[in-house]
Structures are given as structure tokens and as C-alpha cells.
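Peer 1: Okay, here's what each chain looks like letter by letter:
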Amino acid sequence: MHEAAIARGILDAVLAAPAVAGRRITRVNVVAGALAGIVGESLDLFWAELCRGTPAEGSEVRLSIAYAILSCRSCGVKSEHRPGRTVELACAVCGGPLRLEGGRELYVESMEVEDADPGQKSGPGAQ
Amino acid sequence: MLIPVRKAVLAHNDAEAAENARLFESRRVRVVNVMASPGAGKTSLILAVARALPEGLRPLVIEGDVASSIDTEKVAAAGIPVHQINTDGDCHLDAGSVRRAFEALPAVSGPGLLFIENIGNLICPAEFDLGEDLRLVIASVPEGDDKPRKYPAIFALADVVILNKTDLLGHVEFDRAAFEAGIRAVNDRAPIFDVTCRGTTSGIGALVSWLVTEPRPERPDSPAMGT
Chain A
1 MHEAAIARGI
11 LDAVLAAPAV
21 AGRRITRVNV
31 VAGALAGIVG
41 ESLDLFWAEL
51 CRGTPAEGSE
61 VRLSIAYAIL
71 SCRSCGVKSE
81 HRPGRTVELA
91 CAVCGGPLRL
101 EGGRELYVES
111 MEVEDADPGQ
121 KSGPGAQ
Chain B
1 MLIPVRKAVL
11 AHNDAEAAEN
21 ARLFESRRVR
31 VVNVMASPGA
41 GKTSLILAVA
51 RALPEGLRPL
61 VIEGDVASSI
71 DTEKVAAAGI
81 PVHQINTDGD
91 CHLDAGSVRR
101 AFEALPAVSG
111 PGLLFIENIG
121 NLICPAEFDL
131 GEDLRLVIAS
141 VPEGDDKPRK
151 YPAIFALADV
161 VILNKTDLLG
171 HVEFDRAAFE
181 AGIRAVNDRA
191 PIFDVTCRGT
201 TSGIGALVSW
211 LVTEPRPERP
221 DSPAMGT
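Protein chains in written order, with the working numbering: chain A, 1 to 127; chain B, 1 to 227.
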């Protein structure tokens, strides 16, 4: 459910970027950590509704997942924790205790906008 | 054309949370964000802790619920200043709503301990900083010992974990060692307090001592930006 607030935050971030200046946004690239709990399909629904009437109308959000890292506190071996996977209780190599790090990323990395001249691309008003 | 943005999605909430933290400190109010699933015992724990606070430390409560003022009525009946937030569907509290609720509470003279009872949910509240000093996550015995492994994000950010309804240990299936192992897999620093807060209480005194003395932990500058 918190994807509604996440979609709002993404839209605020891209519309505040000075480079937008009325140009149509076609794609927004977002990095989400494995522990951020973002459901892509749910985000898409809120995104489509929220963007109506803005330069981001019709755009897509592309999520890149940043894995959390499980580090063994005994032998130092690291492994990736991906969304939806069961958290391991002990190191697969030595059985030592693990530490979970990272995975809380949630930021707009970049966006793709159409060219400033609508006559050269399929921007607003172009044929 | 690709344009770099590099901005936290919840930057607006994070800024409001930082303002909240400054406001709370200026009013000498220590703030605990209480998070748990529905029915884990958030309100009961708040009431049990409030009853056991040392002389001179005033309890305050902000209640967060999708609907109703049921919990607020319980807290008010105990003589504790309380303000209700109804989110009308939203699954979490945010820093702005907490700021407005705090301003609606009566000003207290002297130090206070404010409990923010978040929406009953083990997923969404984990993403929204409220400006709190301490993040308290409750699990209760009837929920089962696997909750830290099923909802790792919220247990990973906890400063303290409470195992509530421990009077039911032995009556329902619950492996205490497995529960602790699940927490340690995602969080190697939060202490775990076993409590019962209805009827004959247990474990509340030790929790109160920790809550009133534990310094606000150092937090990463911006976990949302990966730093």
C-alpha cells in the first residue's frame, strides 16, 4: 500500500529536476533496496494515475533492485539477499553468525526525457 | 536524453522527520516509534510502560489507526494526553502527520516520553522516518516465532525488540530460540525484552530502564541513497 506515497515521491523528484522544463518524461529509473518492500505492479498502478496531466503522463518506472548483503561475522564471506528470499540464519560456509547490511536504498537515479525540439521527436504536438 | 536525478524518493518525509527530531529535542520529549502487527499489544505495552515510568517523566501518546478512536479512548481513560491520527486507509504514519498531531497535544512542562503507535502493519511503517529517537518493534507469542524471517525489514531497523504475551509460552507453539535466531540474522544490536503487559505483568521494569536511558542511536546519513 505504501507504493502510493512512493509514487508521489518519485513524481515530486522528477518534476523538481530543472532539466524537465516542460519536456515529456518517458522513463524514470529508480533504485530500490531488497528491504524497501516495493511491489513493482502496485507502483505501476499508482504511477499511471498520479502522472495524468503531468509531463510524466504515459511514462514508465523502471525499478532496479539493490540487494542487501549478508556478511559472515566469523569468516567474512559475503552473499546477496534478494527480495522474497528466506533470510539465512547462519553462514553457509562456516556456520558463523551473519550481519545484514544495506538493502534500504530508495532513490531516483535518472530519467529519460524527449528531445527539447518536439519537431524532431515524437514529443507533445509532433505528428 | 538521459538526465541524472539522484534524489531520495522520500526526501520530503525525511526533511520533515529531521524537523520533528529538532522539535522533540527542544521540548525535551523523547520519542519512541512503536511498530507491530495488529493485535500484537502495542496499546497494552504503551499503557504498561506509562504506568511504570519514573516520577517526573510525563507520558504522551499519538495513536495511529486506519479508523476508530478505540485505542485513544483507552489511553485517555488512563489519564494520559493523547491525540488520534486516522489515516483513512493509509498503511503507515508519516512525519508530517506526526508533527501536526504533536502540535495538537497539550504542551508538557518538564521531560516527556512520547509514544507514537504506528499503524498495525509489519511492512510499510518501516519506510517512513518520523523523527523518533527509538524504534521499537513488538512481536507476540501467538503470532509465531517465524515473524523476523518473514518480515526482515522491520526487524532489521529495530533499536529494541519486544516479545509480548510471554505468559502464553507453553500454551501455544513458539520456539523462543528460533525467534531470537531470526532477529539476530537481520539485526545484531537490538536487545530483546520478554514481557507480559496484561494481568500480572512481567519484564516491564527492565524495559522502562532501557527506554529512559538508552541514547538515540547513530543512524546512517541517508540509507535511502545507500550511504
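Don't read these hints as lab results, they were simulated from the structure.
Be aware that one or more of the hints could be misleading.
Okay, derived cross-link-like pairs now, DMTMM-like style, lysine to aspartate or glutamate, Cα gap no bigger than 20 Å in a straight line [stated by the list, open to error]:
1. B:Lys150 <-> A:Asp12
2. B:Lys150 <-> B:Glu180
3. B:Lys150 <-> A:Glu109
4. B:Lys150 <-> A:Glu80
5. B:Lys150 <-> B:Glu103
6. B:Lys7 <-> A:Glu88
7. B:Lys74 <-> A:Glu60
8. A:Lys78 <-> B:Asp188
9. A:Lys78 <-> A:Glu101
10. B:Lys7 <-> B:Asp188
11. B:Lys7 <-> B:Glu25
12. B:Lys150 <-> B:Asp175
13. B:Lys7 <-> A:Asp12
14. B:Lys7 <-> A:Glu80
Peer 1: Determine for every hint whether it applies to the structure shown.
Peer 2: Do the hints match the structure? See the list:
no. : hint                  : in the structure
1   : B:Lys150 <-> A:Asp12  : 32 Å, violated
2   : B:Lys150 <-> B:Glu180 : 13 Å, holds
3   : B:Lys150 <-> A:Glu109 : 29 Å, violated
4   : B:Lys150 <-> A:Glu80  : 17 Å, holds
5   : B:Lys150 <-> B:Glu103 : 36 Å, violated
6   : B:Lys7 <-> A:Glu88    : 32 Å, violated
7   : B:Lys74 <-> A:Glu60   : 46 Å, violated
8   : A:Lys78 <-> B:Asp188  : 16 Å, holds
9   : A:Lys78 <-> A:Glu101  : 10 Å, holds
10  : B:Lys7 <-> B:Asp188   : 29 Å, violated
11  : B:Lys7 <-> B:Glu25    : 27 Å, violated
12  : B:Lys150 <-> B:Asp175 : 15 Å, holds
13  : B:Lys7 <-> A:Asp12    : 10 Å, holds
14  : B:Lys7 <-> A:Glu80    : 25 Å, violated
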